[in-house]
Amino acid sequence: MTARPPIPARPRLGARLAFRLQRTLRPRAGLRWLSARIEAYGPARALFTGAERQTKQDLFGCRMCGQCALPVTGYVCPMGCPKELRNGPCGGVGVDGSCEVYPALRCVWVEAYERAASQGRVADLRLLHRPIDHRRWGESSWLNYWQGRDEGLWVVATGDTGHEGPSTNSAHHQRRVLGGL
Amino acid sequence: MSLRERLTSGGFAVTAEISPPRGADTGPIKATAALLRDWVDAVNITDNQGSNVRLASWAGSLAAMAAGLEPVMQMTCRDRNRIALQSDLLGASALGIRNVLVMTGDHPKFGDHPEAKPVFDLDSVQLLWTLRHMRDQGVVLSGRPLNPPPDCFLGAVENPFAPPAAFRAERLGKKVEAGAQFVQTQFVFDTDAFGRWMAQVRDLGLHERCYILAGVGAVRSRRALDFVRDKVPGVQVPDDVYRRLRGVPADQTAAEGARLAAETIQQLSAVDGVAGVHLLVAGNEQAVPGILDGAGVRVDRDGR
Numbered sequence: 001m002t003a004r005p006p007i008p009a010r011p012r013l014g015a016r017l018a019f020r021l022q023r024t025l026r027p028r029a030g031l032r033w034l035s036a037r038i039e040a041y042g043p044a045r046a047l048f049t050g051a052e053r054q055t056k057q058d059l060f061g062c063r064m065c066g067q068c069a070l071p072v073t074g075y076v077c078p079m080g081c082p083k084e085l086r087n088g089p090c091g092g093v094g095v096d097g098s099c100e101v102y103p104a105l106r107c108v109w110v111e112a113y114e115r116a117a118s119q120g121r122v123a124d125l126r127l128l129h130r131p132i133d134h135r136r137w138g139e140s141s142w143l144n145y146w147q148g149r150d151e152g153l154w155v156v157a158t159g160d161t162g163h164e165g166p167s168t169n170s171a172h173h174q175r176r177v178l179g180g181l
Numbered sequence: 001m002s003l004r005e006r007l008t009s010g011g012f013a014v015t016a017e018i019s020p021p022r023g024a025d026t027g028p029i030k031a032t033a034a035l036l037r038d039w040v041d042a043v044n045i046t047d048n049q050g051s052n053v054r055l056a057s058w059a060g061s062l063a064a065m066a067a068g069l070e071p072v073m074q075m076t077c078r079d080r081n082r083i084a085l086q087s088d089l090l091g092a093s094a095l096g097i098r099n100v101l102v103m104t105g106d107h108p109k110f111g112d113h114p115e116a117k118p119v120f121d122l123d124s125v126q127l128l129w130t131l132r133h134m135r136d137q138g139v140v141l142s143g144r145p146l147n148p149p150p151d152c153f154l155g156a157v158e159n160p161f162a163p164p165a166a167f168r169a170e171r172l173g174k175k176v177e178a179g180a181q182f183v184q185t186q187f188v189f190d191t192d193a194f195g196r197w198m199a200q201v202r203d204l205g206l207h208e209r210c211y212i213l214a215g216v217g218a219v220r221s222r223r224a225l226d227f228v229r230d231k232v233p234g235v236q237v238p239d240d241v242y243r244r245l246r247g248v249p250a251d252q253t254a255a256e257g258a259r260l261a262a263e264t265i266q267q268l269s270a271v272d273g274v275a276g277v278h279l280l281v282a283g284n285e286q287a288v289p290g291i292l293d294g295a296g297v298r299v300d301r302d303g304r
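Residue numbers (the numbering used here), protein chains in the order written: chain A, 1 to 181; chain B, 1 to 304.
Chain A extracted, bound-state conformation (with noise of 0.2 Å):
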């Protein structure tokens, strides 16, 4: 999709600091507020955009899919696996937790079930992530984090999610950002 292939990468940032960024940064008015400002002018959401890539890049491999599944995969990111899977590892994963295409690297998934579950978060890895919309690579994914457009990425196993689509994820954003033209 990108021109950087997707392999494994491990995390540089701890898994309880990151929680913590988390609680930290969740989104609320403020933010809200701030990211709408950047977004609305064109050098700003560029500069910070960019800004997001080098730190992203730097502490979790980001792709900048622009629908970032961070929050709830102990900040392990799945764009990182060969198979891109955002739902759980796949089947072939080494007896020692190597990725099957990349025998030296550790699979995603075992390292996120690693960090989750030293955070008391398995139950982050039980969402049903639903399929990423191919035209969002590139974006910013915490201006859409901060604005809310991120809320259909995935979805609770309530027991019966038949009623729910998997794909609303992008008709979702979309209108949002109809909305917000």
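Take these hints with a grain of salt, some might be off.
Said to hold, decoys possible - Here are some chain B residues the structure puts well away from chain A; computed CB gaps all over 12 Å:
| no. | residue |
| --- | --- |
| 1 | 22 |
| 2 | 220 |
| 3 | 272 |
To be verified - Covered stretches of chain B, going by a simulated chain A footprint (3 or more residues, C-beta under 8 Å):
| no. | segment |
| --- | --- |
| 4 | 141-148 |
| 5 | 159-171 |
| 6 | 224-236 |
| 7 | 242-249 |
| 8 | 262-268 |
To be verified - Each computed SDA-like pair below joins lysine to any residue, with the alpha-carbon atoms no more than 25 Å apart:
| no. | chain 1 | residue 1 | chain 2 | residue 2 |
| --- | --- | --- | --- | --- |
| 9 | B | 117 | A | 61 |
| 10 | B | 231 | A | 94 |
| 11 | B | 117 | A | 104 |
| 12 | B | 231 | A | 104 |
No lab work stands behind these hints, which were simulated from the structure alone.
Note that the structure is predicted; figures quoted are calculated from it, not measured.
Backbone N, C-alpha and C define an ideal beta-carbon position, used for all residues, glycine too.
Let chain A serve as the given structure and place chain B on it in line with the hints.
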């Protein structure tokens, strides 16, 4: 009796696997299906297994049907995006293919076209969810209506043995939540580890929401044994099993492998929550009658 009927009526189901040929001929599939039809409820038709080009799974499924054996059409996420996958489900359903087995698929790196673009537009959970939504809500992912919606019995796969072990039952839970009605597991050589996974599955109540078919393989040569142990992603062969199969003369490996498979089936059929077995015998289908005979499992195809 269809696979779905066998399972819903509480019977012990047996499925096997056929790998389509690399060629424009359904003859080999029909011949194998004819061999298997008195022994199994349904047969998986693999989808470019191991990322190697083969005759299409839907075409192989039609060939199996023509030979009187119900197919389970495998569908991987490796080669098709969400448009093609949905389209293929409609085509399969319209042509009478009911059982669809959804899996992520092997990475192209392992096959004969390692330079190919890996698609993985959807993952297996998302594909199950999509197909279920098409069937139950009668709409495609875009929300446009289907007239008529497809009819399908949705299957998934799981590897009880791969890390993170503590998450494997939960992962099956996600697939069940997304729409899986039955699951076939990876090769079970280690029945103790399988038993531990099944205990987690029962704790989550998944065996009551999804029929669990345990995967059983038959090793037919020392070479195959080493291949399964070293080259098949996610399969673990315990040392005692390895020693047992290496311990017989090379010309008796196949017979010992079949005996081991039969014993494994007997052990697995006694595990609470196991609804059947899936024989991972692609390329070695002629071993099926002997294995099932040895296990004392006779699919009563006429008792319908």
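Going through the hints against the structure:
At the 12 Å boundary, the C-beta of residue 22 of chain B stays outside the reach of chain A, the nearest C-beta of that chain being 23 Å off. Residue 220 of chain B, annotated as away from the interface, keeps every beta carbon of chain A farther than 12 Å; the closest lies near 23 Å. Look at residue 272 of chain B: its CB is around 22 Å from the nearest CB on chain A, clear of 12 Å, so calling it non-interface holds up. Counting residues of the segment 141-148 of chain B whose C-beta lies closer than 8 Å to any C-beta of chain A gives 3; at least three are required, and the coverage claim holds.
Beta-carbon proximity to chain A at under 8 Å applies to 8 residues in the segment 159-171 of chain B; the threshold of 3 is reached and the given coverage holds. Residue count for the segment 224-236 of chain B with a Cβ under 8 Å from a Cβ of chain A: 3. That meets the three needed, and the coverage hint holds. Only residues whose beta carbon comes within less than 8 Å of a beta carbon in chain A count, and the segment 242-249 of chain B has 0; fewer than three means the coverage is violated. Here the segment 262-268 of chain B counts 0 residues with a CB under 8 Å from a CB of chain A, which misses the bar of 3, and the coverage is violated.
Distance hint between residue 117 of chain B and residue 61 of chain A is fulfilled; the C-alpha atoms sit about 21 Å from each other, no more than 25 Å. A C-alpha spacing of about 11 Å is found between residue 231 of chain B and residue 94 of chain A, which places the hinted pair at or below 25 Å, so the restraint holds. Taken as a hint, the residue 117 of chain B and residue 104 of chain A pair is honoured in the structure, with Cα atoms around 22 Å apart against an allowance of 25 Å. A C-alpha spacing of about 16 Å is found between residue 231 of chain B and residue 104 of chain A, which places the hinted pair at or below 25 Å, so the restraint holds.
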